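Colleague: For the sequence shown, the residue numbers in this note's numbering are 673 to 934.
Mixed in with the good hints, there may be bad ones.
[What the hints assert, rightly or not] Computed beta-carbon distance windows for the label pairs:
1) Ser744 x Lys814: 20 to 30 Å
2) Phe847 x Met924: 37 to 47 Å
3) Leu869 x Lys699: 54 to 64 Å
4) Ala929 x Thr741: 30 to 40 Å
5) Gly925 x Ser720: 20 to 30 Å
[Said to hold, decoys possible] Straight line, CA to CA, 30 Å or less: simulated DSSO-like cross-link-like pairs of lysine-lysine:
6) Lys748 x Lys814
7) Lys814 x Lys699
8) Lys699 x Lys721
Treat the hints as calculated values from the structure; they're not laboratory data.
Bear in mind the structure is a predicted one, so any value in this text is a computation, not a measurement.
Where a beta carbon is used, it is the ideal one built from N, C-alpha and C, also for glycine.
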Amino acid sequence: MAVDPAVAEYLRLMREGGHTPEQAREKLLEAGWDSAAVDGAFDQPQPSKRFQALFFHPDEFFARVQGVTSHSALLKDLALFGAVAGAAGALTSLPQLGPDYPPAALLFAVPFTAVLMVGVFILGAYAAAGLYHVGIRLFGGKGGYFATFKAAVYTLVVSLAYQTISAISLFLLSFLEPQARASLFEMQQLSLQSHPLTVVVSSVLTLASMVHSLSVLSTGISQYHQMGRFRALLGALLLPLVLAVVFGALVMGALLAGLSAL
673 MAVDPAVAEY LRLMREGGHT PEQAREKLLE AGWDSAAVDG AFDQPQPSKR
723 FQALFFHPDE FFARVQGVTS HSALLKDLAL FGAVAGAAGA LTSLPQLGPD
773 YPPAALLFAV PFTAVLMVGV FILGAYAAAG LYHVGIRLFG GKGGYFATFK
823 AAVYTLVVSL AYQTISAISL FLLSFLEPQA RASLFEMQQL SLQSHPLTVV
873 VSSVLTLASM VHSLSVLSTG ISQYHQMGRF RALLGALLLP LVLAVVFGAL
923 VMGALLAGLS AL
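Using the sequences and the hints, build the whole thing.
Modeller: So, in structure tokens, the structure goes:
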């Protein structure tokens, strides 16, 4: 059942005011809210149900977590998916690294990579939210930085889920052509000798990850900043696109300068 954002916001204010869950429920019912809507706001689904809502019903998910006000709650979810993605990437790389490294080093590599990637993803979420927030405010967003951060965190969670799926899928498909191992999230070209199915799966997962992540991002920002989804997406991507263009121009200028010096 979808959670009414107005009920979720009312519930958040009640909690901040020191009301117990029972008192908040009673106040909501006295205020005229439908009992089904109140029950939906108080329902705390299993983690699998929560993330199922994130992937398939992001509007319902963001309404449900609208009352979350602590960074730790968000970072806990991000750390979970970050650790799984980091471990999956490390584990699927072990067959390639095996001949060159001792077993003890390989066993250490998996937890080390997982912890390292969690730190990287947490810092990345804060940085991305900062970039998004500048453009969102320029486009008329009404929420604060934490609202943007919440949308950025769960967008990254979706992306990490695709990263995990791709690492495992491409590892399994690589056995169709042992020399043609390709990683969706590494900056490397697919080998011309790669099995065609590997190329197709890699391309499909890349496109699906991009489209799905942008859809989740626009949904969260739209809800929390009270703006249309298209305008929310434009605002979020404004500064990243500007920086990408500037960086590309600098690289191109450096290349042209190097060629002219030859």
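Colleague: Given the hinted pair Lys699 and Lys721, is their Cα-Cα distance within 30 Å?
Modeller: holds, 27 Å
Colleague: CA of Lys814 to CA of Lys699, is that 30 Å or under?
Modeller: Judged against 30 Å, a Cα distance of about 27 Å means the pair holds.
Colleague: Within 30 Å, alpha carbon to alpha carbon, are Lys748 and Lys814?
Modeller: holds, 26 Å
Colleague: Taking 20 to 30 Å as the stated bounds, is the beta-carbon spacing between Ser744 and Lys814 within them?
Modeller: holds, 25 Å
Colleague: Do the beta carbons of Phe847 and Met924 sit within 37 to 47 Å of each other?
Modeller: holds, 40 Å
Colleague: Given a hint of 54 to 64 Å, does the C-beta separation of Leu869 and Lys699 actually sit inside it?
Modeller: holds, 57 Å
Colleague: Is the distance from the Cβ of Ala929 to the Cβ of Thr741 consistent with 30 to 40 Å?
Modeller: At 50 Å between Cβs, range violated.
Colleague: Is the hinted range of 20 to 30 Å satisfied by the C-beta distance from Gly925 to Ser720?
Modeller: violated, 50 Å
In summary, the numbered hints that this structure violates are 4 and 5.
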